[in-house]
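Visitor: Listed below are the residues making up each chain.
There are 2 protein chains.
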Amino acid sequence: MSCLFCAIIAGDEPASIVLETDDVVGFLDIRPVFKGHVLVLPRSHHETLVDLPAPLLEPLFAQVQRLSHAVLDGLDAHGTFVAMNNVVSQSVPHAHVHVVPRRRKDGLRGFFWPRTRYENAAEAETFAERVRDALKR
Amino acid sequence: MSCLFCAIIAGDEPASIVLETDDVVGFLDIRPVFKGHVLVLPRSHHETLVDLPAPLLEPLFAQVQRLSHAVLDGLDAHGTFVAMNNVVSQSVPHAHVHVVPRRRKDGLRGFFWPRTRYENAAEAETFAERVRDALKR
Numbered sequence: 000m001s002c003l004f005c006a007i008i009a010g011d012e013p014a015s016i017v018l019e020t021d022d023v024v025g026f027l028d029i030r031p032v033f034k035g036h037v038l039v040l041p042r043s044h045h046e047t048l049v050d051l052p053a054p055l056l057e058p059l060f061a062q063v064q065r066l067s068h069a070v071l072d073g074l075d076a077h078g079t080f081v082a083m084n085n086v087v088s089q090s091v092p093h094a095h096v097h098v099v100p101r102r103r104k105d106g107l108r109g110f111f112w113p114r115t116r117y118e119n120a121a122e123a124e125t126f127a128e129r130v131r132d133a134l135k136r
Numbered sequence: 000m001s002c003l004f005c006a007i008i009a010g011d012e013p014a015s016i017v018l019e020t021d022d023v024v025g026f027l028d029i030r031p032v033f034k035g036h037v038l039v040l041p042r043s044h045h046e047t048l049v050d051l052p053a054p055l056l057e058p059l060f061a062q063v064q065r066l067s068h069a070v071l072d073g074l075d076a077h078g079t080f081v082a083m084n085n086v087v088s089q090s091v092p093h094a095h096v097h098v099v100p101r102r103r104k105d106g107l108r109g110f111f112w113p114r115t116r117y118e119n120a121a122e123a124e125t126f127a128e129r130v131r132d133a134l135k136r
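Residue numbers (numbering that gives the first Met the number 0), protein chains in the order written: chain A, 0 to 136; chain B, 0 to 136.
No lab work stands behind these hints, which were simulated from the structure alone.
Just so you know, not all the hints are guaranteed correct.
Derived DSSO-like pairs: lysine-lysine, alpha-carbon spacing no greater than 27 Å straight-line [as the list claims (entries may be wrong)]:
#1 K34(B) x K104(B)
#2 K34(A) x K135(B)
#3 K135(A) x K34(B)
#4 K104(A) x K34(A)
Please build the complete structure, drawing on both the sequences and the hints.
Guide: Here it is as structure tokens:
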């Protein structure tokens with residue numbers, strides 16, 4: 000078994016487990032963005048969001064929602080950052096959702112969302128059209 | 000109507016719409032992290048992830064998954080960054096999921112995931128316990 004997260008789910012590697020359902024497991028990220036940062040993932044091995052079978056979406060995101068509540072309630076957070084890195088920046092290729100407690104003025108903003116701009120409306124439209132075309136495939 | 004995203008959904012504000020279903024709309028973020036960055040959101044107004052009614056989770060994340068496919072296929076991306084900012088760093092208080100095309104060596108990594116460490120296993124356990132307790136409420 001070469002997947003670290005499968006090994007954690009099987010009990011063969013240690014983790015601070017916070018949640019277990021039939022389909023989903025949650026445990027602390029050992030390198031948290033902020034302490035209390037949790038990973039939520041399907042028990043079954045699928046690499047990324049696009050690989051998840053449709054029947055897993057609701058069970059997975061219902062637990063993501065539940066953990067978002069718990070992080071707000073239990074860690075006195077003001078908000079949450081909920082995210083998946085798929086392929087790029089994804090350290091373990093077993094699909095997982097990060098639930099990170101956020102506080103106002105927690106210092107993350109500057110790091111976080113570098114933004115660009117479209118040159119003009121026509122350039123934006125070319126990107127929109129490429130996405131629309133791909134949705135038809 | 001004071002919500003920008005409700006106004007876009009109603010057709011009262013312009014946007015580059017890429018996807019519309021009965022429950023969900025997708026359009027380009029006008030300040031993209033990378034060009035082709037899409038926002039996916041429920042038509043109905045709910046502020047954050049924890050406010051979403053349970054029956055909306057599957058329709059919303061099914062379209063997030065579909066758009067993740069489309070971004071990979073249509074924009075020659077290697078991966079995706081899928082994220083929600085809830086309350087903190089959330090610019091428009093109408094729950095929305097960012098789907099951002101990523102490429103290897105796209106320069107985002109350094110900005111992106113500042114990480115800390117737990118002092119020791121006992122400290123991690125105290126955080127896990129607070130989350131577990133909150134899940135019982």
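Visitor: For each hint, tell me whether it holds in the structure or not.
Guide: Hints, one by one, checked against the model:
no., hint, verdict
1, K34(B) x K104(B), "16 Å, holds"
2, K34(A) x K135(B), "20 Å, holds"
3, K135(A) x K34(B), "20 Å, holds"
4, K104(A) x K34(A), "15 Å, holds"
Of the hints listed earlier, there is not a single one the structure fails to meet.
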